[in-house]
Amino acid sequence: ETGVTQTPRHLVMGMTNKKSLKCEQHLGHNAMYWYKQSAKKPLELMFVYSLEERVENNSVPSRFSPECPNSSHLFLHLHTLQPEDSALYLCASSQDGTSGNEQFFGPGTRLTVL
Amino acid sequence: LAKTTQPISMDSYEGQEVNITCSHNNIATNDYITWYQQFPSQGPRFIIQGYKTKVTNEVASLFIPADRKSSTLSLPRVSLSDTAVYYCLVGPVMNTGFQKLVFGTGTRLLVSP
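Quick mapping for you: the protein sequence lines, in order, are chains A and B.
Numbering-wise (the working numbering), the first sequence opens with residue 6 and increments by one.
Numbering-wise (the working numbering), the second sequence opens with residue 6 and increments by one.
Think of the hints as simulated: they come from the structure by calculation, not from any bench.
Computed from a predicted model, the values in this text were never measured in an experiment.
Each residue gets a CB set at the ideal place from its N, CA and C atoms; glycine is no exception.
Treat each hint with caution, since some may be false.
To be verified - To give an idea of the chain B side of the interface with chain A (calculated C-beta under 10 Å), a few residues:
1) Gln43
2) Ser46
3) Gln54
4) Val98
5) Leu106
6) Val107
7) Phe108
8) Gly109
9) Thr110
10) Gly111
Claimed, not checked - Cβ pair distances, simulated, as ranges:
11) A:Lys23 to B:Ala33: 34 to 44 Å
12) B:Gln21 to A:Ser70: 43 to 53 Å
13) B:Leu115 to A:Thr21: 37 to 47 Å
Please construct the entire structure, taking both the sequences and the accompanying hints into account.
Following this line, the structure appears as structure tokens:
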């Protein structure tokens with residue numbers, strides 16, 4: 006248990022569906038991240054929020070839309086996805102200024118797009 | 006961010022010491038070396054971080070030579086549960102804001118009985 010929770014853990018959706026992934030951190034951190042991990046590929050950073058402001062958008066298609074309503078919650082809104090978007094989506098958080106900026110990862114949401 | 010190179014895979018047996026070496030020839034003066042561990046279908050977990058010489062915690066040791074162009078993660082007496090992918094990352098530790106981690110393909114460690 007890392008203090009970062011993600012829901013749902015598994016999600017199957019069609020290409021025309023709209024769904025949202027939720028991440029919550031109970032660590033008092035002020036930076037949150039979305040990563041994508043496809044099969045046999047390295048983790049790819051998607052978005053970063055620091056103090057609830059988006060500070061990084063790593064050339065992610067607009068069908069992925071992040072939202073950070075407060076420092077404890079992070080959402081990833083999904084719409085009109087493609088089968089190649091099937092992957093493990095990981096949320097992480099870190100605290101500014103602490104030693105190493107260690108990132109704490111959630112368990113991930115396994116997304117399958119049909 | 007400095008590029009890192011590490012072996013794709015390693016095999017070991019229970020009870021042995023495992024050393025995973027990572028090359029980072031272009032490491033910058035303000036870069037730290039960080040190792041993460043990832044089990045299948047889980048998020049990565051921080052193992053250890055260092056800047057120079059040797060760092061040890063309850064899980065592992067990190068050896069960094071004087072030129073800092075490489076580093077070695079040492080896992081003492083591995084068990085089956087240490088089977089995982091190990092990532093070496095190099096980058097600055099931020100005083101403010103976030104830290105952009107760039108993960109490579111990592112080293113897949115398989116521990117056998």
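Comparing the hints with the structure gives:
1. Gln43: For Gln43 (chain B), the interface hint holds, since the closest Cβ of chain A sits about 8 Å away, which is under 10 Å.
2. Ser46: holds, 7 Å
3. Gln54: Interface hint status for Gln54 (chain B): holds (4 Å vs cutoff 10 Å).
4. Val98: Result: holds, 6 Å to nearest chain A Cβ.
5. Leu106: This interface hint holds because 6 Å falls under the 10 Å limit.
6. Val107: holds, 7 Å
7. Phe108: Hint holds; Phe108 (chain B) Cβ to chain A Cβ min 4 Å, cut 10 Å.
8. Gly109: holds, 6 Å
9. Thr110: holds, 5 Å
10. Gly111: Hint on Gly111 (chain B): holds, closest Cβ of chain A at ~7 Å, below 10 Å.
11. A:Lys23 to B:Ala33: 34 to 44 Å: holds, 43 Å
12. B:Gln21 to A:Ser70: 43 to 53 Å: Given about 47 Å between the Cβ atoms, the range holds.
13. B:Leu115 to A:Thr21: 37 to 47 Å: holds, 41 Å
Hint compliance for this structure: every hint is met.
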